[in-house]
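S.K.: Please model the complete structure; the sequences and the hints are all you need to start from.
Given next are the chains, with one letter for each unit.
There are 2 protein chains.
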Amino acid sequence: MGESLKGLKRTVMCGDFRESNISNTVTAMGWVQRKRNLGGLVFVDLRDRTGILQVVFGDKINEDAFKKADGVKSEYCIAVTGKIVKREAPNENIPTGMVELQGEQIKILSESETPPIYIKENLDAAENIRLKYRYLDLRRPDMQRIFKIRHKTAKIMRDFLDESGFIEIETPMLTKSTPEGARDYLVPSRNYKGKFYALPQSPQLFKQLLMVSGYDKYFQIVKCFRDEDLRANRQPEFTQVDMELSFVEEDDVIALNEKLIKKVFKEIADVDVKLPIERMQYKVAMEKYGSDKPDLRFGMEIQDISDVVKNSEFKVFQDALQNGGSVRAIKAEGCANMGRKQIDKLGEFVKTFKAKGLAWIALKDGEIKSSILKFLSEEDINNIKHVMNANTEDLILIVADKNSVVFQSLGELRLHLAKELNILKDNKEFRFVWITEFPLLSYNEEENRYQAEHHPFTMPMDEDIQYLESEPSRVRAKAYDIVLNGEELGGGSIRIHDTKLQERMFKVLGFTQESAWERFGFLLQAFKYGPPPHGGLAYGFDRLIMFLTGTENIKDVIAFPKNQNAACVMTQAPDVVDEKQLKELGIDVFQEN
Amino acid sequence: MGESLKGLKRTVMCGDFRESNISNTVTAMGWVQRKRNLGGLVFVDLRDRTGILQVVFGDKINEDAFKKADGVKSEYCIAVTGKIVKREAPNENIPTGMVELQGEQIKILSESETPPIYIKENLDAAENIRLKYRYLDLRRPDMQRIFKIRHKTAKIMRDFLDESGFIEIETPMLTKSTPEGARDYLVPSRNYKGKFYALPQSPQLFKQLLMVSGYDKYFQIVKCFRDEDLRANRQPEFTQVDMELSFVEEDDVIALNEKLIKKVFKEIADVDVKLPIERMQYKVAMEKYGSDKPDLRFGMEIQDISDVVKNSEFKVFQDALQNGGSVRAIKAEGCANMGRKQIDKLGEFVKTFKAKGLAWIALKDGEIKSSILKFLSEEDINNIKHVMNANTEDLILIVADKNSVVFQSLGELRLHLAKELNILKDNKEFRFVWITEFPLLSYNEEENRYQAEHHPFTMPMDEDIQYLESEPSRVRAKAYDIVLNGEELGGGSIRIHDTKLQERMFKVLGFTQESAWERFGFLLQAFKYGPPPHGGLAYGFDRLIMFLTGTENIKDVIAFPKNQNAACVMTQAPDVVDEKQLKELGIDVFQEN
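Chains as they are written, first to last, in the numbering used here: chain A, 4 to 596; chain W, 4 to 596.
All the given hints hold, so there is nothing to weed out.
Pairs involving identical chains hold if they fit within one copy or between any two copies, as the list cannot separate such chains.
Taking lysine-lysine pairs in the DSS-like style, the calculated list, with each CA pair at most 27 Å apart, reads:
| # | residue 1 | residue 2 |
| --- | --- | --- |
| 1 | LYS531 | LYS71 |
| 2 | LYS76 | LYS531 |
| 3 | LYS583 | LYS510 |
| 4 | LYS405 | LYS286 |
| 5 | LYS155 | LYS262 |
| 6 | LYS583 | LYS196 |
| 7 | LYS422 | LYS405 |
In short, the hints are calculated from the structure, not lab data.
M.R.: Structure follows, in structure tokens:
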């Protein structure tokens, strides 16, 4: 067992020692980063969350301490008392490098076995090992930096919202399972056997009820849950910065959040976000970038060449156009010399997004090469060049299909090429854009019904409400997403606050009046008592921290994340439980044969 | 459907209008508290979360608005534009009472049916109705005040901890079921059928691991869960202000938290908490107050009269003393005239705490009455009077039994009498006390083994570690509770940070080495890599808010609470779920016959 503190107090953190401390008698505590014995002197780099301080022990300073210090190893936890002196050989690479601590007393608070991973920046260890020994992984300075930033970001956002009149109100974790979302995590009830709570996918309904209750401005930094198969950068539990405001329209929510975004990015990342942030209609985003979260840090916009190829003899083009689709293209500048194999790979790539193929035109010096040369007249090619604003050495890549396929495949191809061509190398830009006027509904072909694009509580645009039943796909929503560098940072909408309109919406989604009331009766009832107009927005906090820390793995911004199977490698959760526990809950584990 | 805002902006909140606003043209929005038509004028009390503003509509001000306003009813949500004028008949009871708004335009944003509960302070409605229409209950000004205070308290605590170098770090909600606590809420895993996550009862192990990781000072305001039968003032999900610090001993944790408590009570309740807060050893608290959370706002301490009755002939006393128990008493001042029936009721009361009976001595003027008069000599009575410091008109109440029964029954009797005698009427005191030196372990007679009083990670006091195996009940813990007016506000301890000692602790608790490693292996393993000395504390945040708002029902400080059966009356959670959902989780609902 290590030595006890027994009244010994730390006087200052390791990273905070400066020349002004010289000749102070101090006590520092932390971990041994490394120890070197250089003849009569033992040097220890002592580390805590603030940095590293050099400690020197010598038989002339204090012989007992010197001997004891000589026995320490990496990651021992120690306390050292002594005097701060000027360092003979300053180390300008660290802030404490002008001074060192002459160790007169040392307490070994606890020993350490050799850690299975190095406690250092930019560790290159297998993720599984990092997760298993998460407490050591979290000891690494780059991880500590991330969690300091995460804390500070939450603080800045809370302070901003508090100053803006928002009240943080906690909503329940044990709530009701609702359809129309992702898969819920369920919690069996002991009092009502056979019934279940659900962990919330978001506090959506509760925050709307708080608006009905007159809280006016609500926010919460809150855990949400989705039991989905985990893609990269998804976690079963994640954190939202969630807000809702009364008596507002889209512009109010957007203006407030622009100020919040500006503040966070300035204070954390020293990035100046220019306001107002650009806005782009969903339709434009899809047509130009094939995505509702366009990365605007580079061009390569999609162009519609339907008009100029409408008379070409290429059957694929004709089919697409006749079926209400289109022919569109992107231009890879200076890529006319791309090899055949590489282009074929791009063709394979777009096929994963259901495109039937990829046509191409390479504008080589004095020569045109193309997969569809025989179908195109010189005029066709000139027209395409003109629409694409293409020059010699450019490569034009074309997809013809129904619009949804054209947009997605070219949108993905655009991103793919940007990566392949390293277009964003050294790009430090933070390029924000609001996407607006989303479709309210989309048609789910599998289930043969409309479903809410955002959620069933989103307000249709005033001028489109009339089409709710007759032309559901035509209805646009009062919804807005904030997109940063091609990633959705947050999103929200103005909500329906009228029982009748909400009932119409549920009907379009395929609910009977009875089933809508069974599921959402409390909301429909609440709307009968003077609900205010309201709307809100929620940020994915984990993703925001990824941006602010320049991290690409969501696991790095969550202290104790789950792996791809939603398991905690460290604690071995989930785990079996006692039969007695299940019996109390009235459930059985189902035996599959 | 109500009217749309269509660009109309609220300029100021209802409660904020003052004489300085006179002649401003403004737009206010809110709810109709009441409407009166006094001939040619319609008066509307317009309410939002900040207060009430009087709005006047007249056919001479604007006829259309007047007519429309005449149609509004209570709880309609409206927007009014007009001019602020000086009020002819000021209302000094409300802050806005010097002015009124002359309504020139009115929009009815939504209508309201007659609400099932009144939107007013101090509502006297059945709890079930309040919970069912929680969104209306939360609209009442006293409820809104509570949630503003809750928000502000969390803000103050966060700010304080941030300024003190703490980092807020989120720990997992989907974690591992651990024994040695209350009953866990379980969450079935879809990926590992037959395995379960548990919702955390506290972030205990994770915060200790964060100390191993060198985060130095952690905090979190976090939801915790216990699936226990709900007593009054218990909820299945509750909020903790949880903290942990490295390189500290008891005094460090206590000193920091005293500053925090002082700040919160000053800023929220304008109460000056004198520091340092009194400390009392567990043993003393039990002996004087029969409780580890003594209410020190009144005396009536328990006195040991074993010595002075040791020669009495009363068999009950003799039996208690011979069996290692004691004879103790409390004094009800001026209660010598209490009726026989009432005293009998007190006797029944102590029997619910396993006392065999209650002996009493009433010191009436010139006369002694007592249930045990025949067993006591005059000298005995004088000695008892002396020890009890009792005077004429006092009533002495005596229990003889084993100590645990004596303490509990007299401790409860003391509280009961204080209530009966209305001793705390008009007492506005906030009386804090730290209880220290708790026993580390207690013997569980049912399970025939020792269990942790606090939790299995609590550090024994240095001088008692030697008795861990030989005399477990003798070992005191480095634990401390902060008690306010007889309620536990928070508690914590210094933790074990040594694998060997932690293993010894688990062994005393009846774990084999194998089962301890199976359950807590990650903690035992973590302690092998230089764990720092550490300790912490957690507050019950809901209870703290109850104190700060003077609320006696925990449901009043939780926005959407559960009822006594852990159900949400409003949303009807828990609820049945689709068979498909259960199948995906590999569980069956157990059919009881």
